[in-house]
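S.K.: So the protein sequences, as listed, match chains L and B.
Quick note on numbering: the first sequence equals residues 1 to 191 in the working numbering.
Quick note on numbering: the second sequence equals residues 1 to 69 in the working numbering.
Hints are computed from structural coordinates only; laboratory data are not their basis.
Fair warning: this is a prediction, and the values are worked out from it, not measured in the lab.
A couple of the hints might just be wrong.
[Claimed, not checked] Label-pair ranges, simulated between beta-carbon atoms:
id: 1; chain 1: L; residue 1: Lys150; chain 2: B; residue 2: Gly34; range: 35 to 43 Å
id: 2; chain 1: L; residue 1: Arg107; chain 2: B; residue 2: His32; range: 46 to 54 Å
id: 3; chain 1: L; residue 1: Gln16; chain 2: B; residue 2: Tyr18; range: 19 to 27 Å
id: 4; chain 1: B; residue 1: Val1; chain 2: L; residue 2: Lys109; range: 36 to 44 Å
[What the hints assert, rightly or not] List time: in silico DSSO-like cross-link candidates among lysine-lysine, alpha-carbon distance up to 27 Å:
id: 5; chain 1: L; residue 1: Lys161; chain 2: L; residue 2: Lys144
id: 6; chain 1: L; residue 1: Lys161; chain 2: B; residue 2: Lys2
id: 7; chain 1: L; residue 1: Lys172; chain 2: L; residue 2: Lys138
id: 8; chain 1: L; residue 1: Lys118; chain 2: L; residue 2: Lys138
id: 9; chain 1: L; residue 1: Lys109; chain 2: B; residue 2: Lys28
id: 10; chain 1: L; residue 1: Lys118; chain 2: L; residue 2: Lys144
id: 11; chain 1: L; residue 1: Lys172; chain 2: L; residue 2: Lys118
id: 12; chain 1: L; residue 1: Lys172; chain 2: B; residue 2: Lys28
id: 13; chain 1: L; residue 1: Lys170; chain 2: B; residue 2: Lys23
id: 14; chain 1: L; residue 1: Lys161; chain 2: B; residue 2: Lys28
id: 15; chain 1: L; residue 1: Lys179; chain 2: L; residue 2: Lys118
id: 16; chain 1: L; residue 1: Lys126; chain 2: L; residue 2: Lys138
id: 17; chain 1: B; residue 1: Lys24; chain 2: L; residue 2: Lys161
id: 18; chain 1: L; residue 1: Lys183; chain 2: L; residue 2: Lys150
id: 19; chain 1: L; residue 1: Lys87; chain 2: L; residue 2: Lys138
id: 20; chain 1: L; residue 1: Lys118; chain 2: L; residue 2: Lys183
We treat Cβ as the ideally placed atom computed from N, Cα and C, and that holds for glycine.
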Amino acid sequence: MVAPATATQVDHQFFQDVMDATPHGERLRTCLQCGTCSGSCPNGPDMDVSPRALIAMLSSGEKDEVLAANTMWVCVACYYCTERCPKEIPVTDLLYTLKAVAIRENRVKGTTAPALAKTFVDLVRKYGRAFELGLASKYFLTNKPISMLKMGPLGLSMFLKGRMTLTPTKIKGVGELRKIISKAEELGGKS
Amino acid sequence: VKYAYYPGCSAEASGAAYDISLKKVADKLHFHLGEIDDWNCCGASEYFDAQDRARPRQSVVARKFGVGR
């Protein structure tokens, strides 16, 4: 006897929740499936689900498949898809919403992107500005110590070309910034 | 023409080439770029949620500098 194929769990509320959580998210309903977003994406080849397909899956209520895709973690936020979308759909912002949902629902797999973001945000809280050397060393030491060795020569050549600073810049008003960040977190934001 | 210039963290390091070329072009075109005092990180692409949280201070700093609304 052949077991019946398991039907995919359909969750239409998820589509509505994602639209509500994304500024101008209601425009997702107008998607033409033209694929301009996917064709514009510089990182498209590394995505297991293209932005166009992701929107189709989302509007069909395929929550589990959407959150299992690597699309949002491969996105570098260049906003080219958003710029070119004929329906002015905020594709990049949609991906930000999906990152936040995946983190909140503990569904992050196969990426260290949230760890990189956390390291980044901690450094900004400390200094008020990003500090690339600190970010790279802390992130690699904690998450990918072996890869750190490979990054050495790149770091050195960046330093020699004046593209890497050895010390962080701390802003005078870092206390003000920390207060704003804490308040935003209190209001429900997460890094 | 005077512009308030917000470079951003990358312009101090990995993206320094953009900072250099922008300043050269601005000079040729007689745009005066005044760097905003004590600017902070914009959050870039690494703030996954509440993306706007680092920005309010920026607009206050810019206003003190004499630009912005």
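S.K.: Kindly indicate which numbered hints from before are broken by the structure, ordering the numbers from low to high.
M.R.: 3, 4, 6, 9, 12, 18, 19
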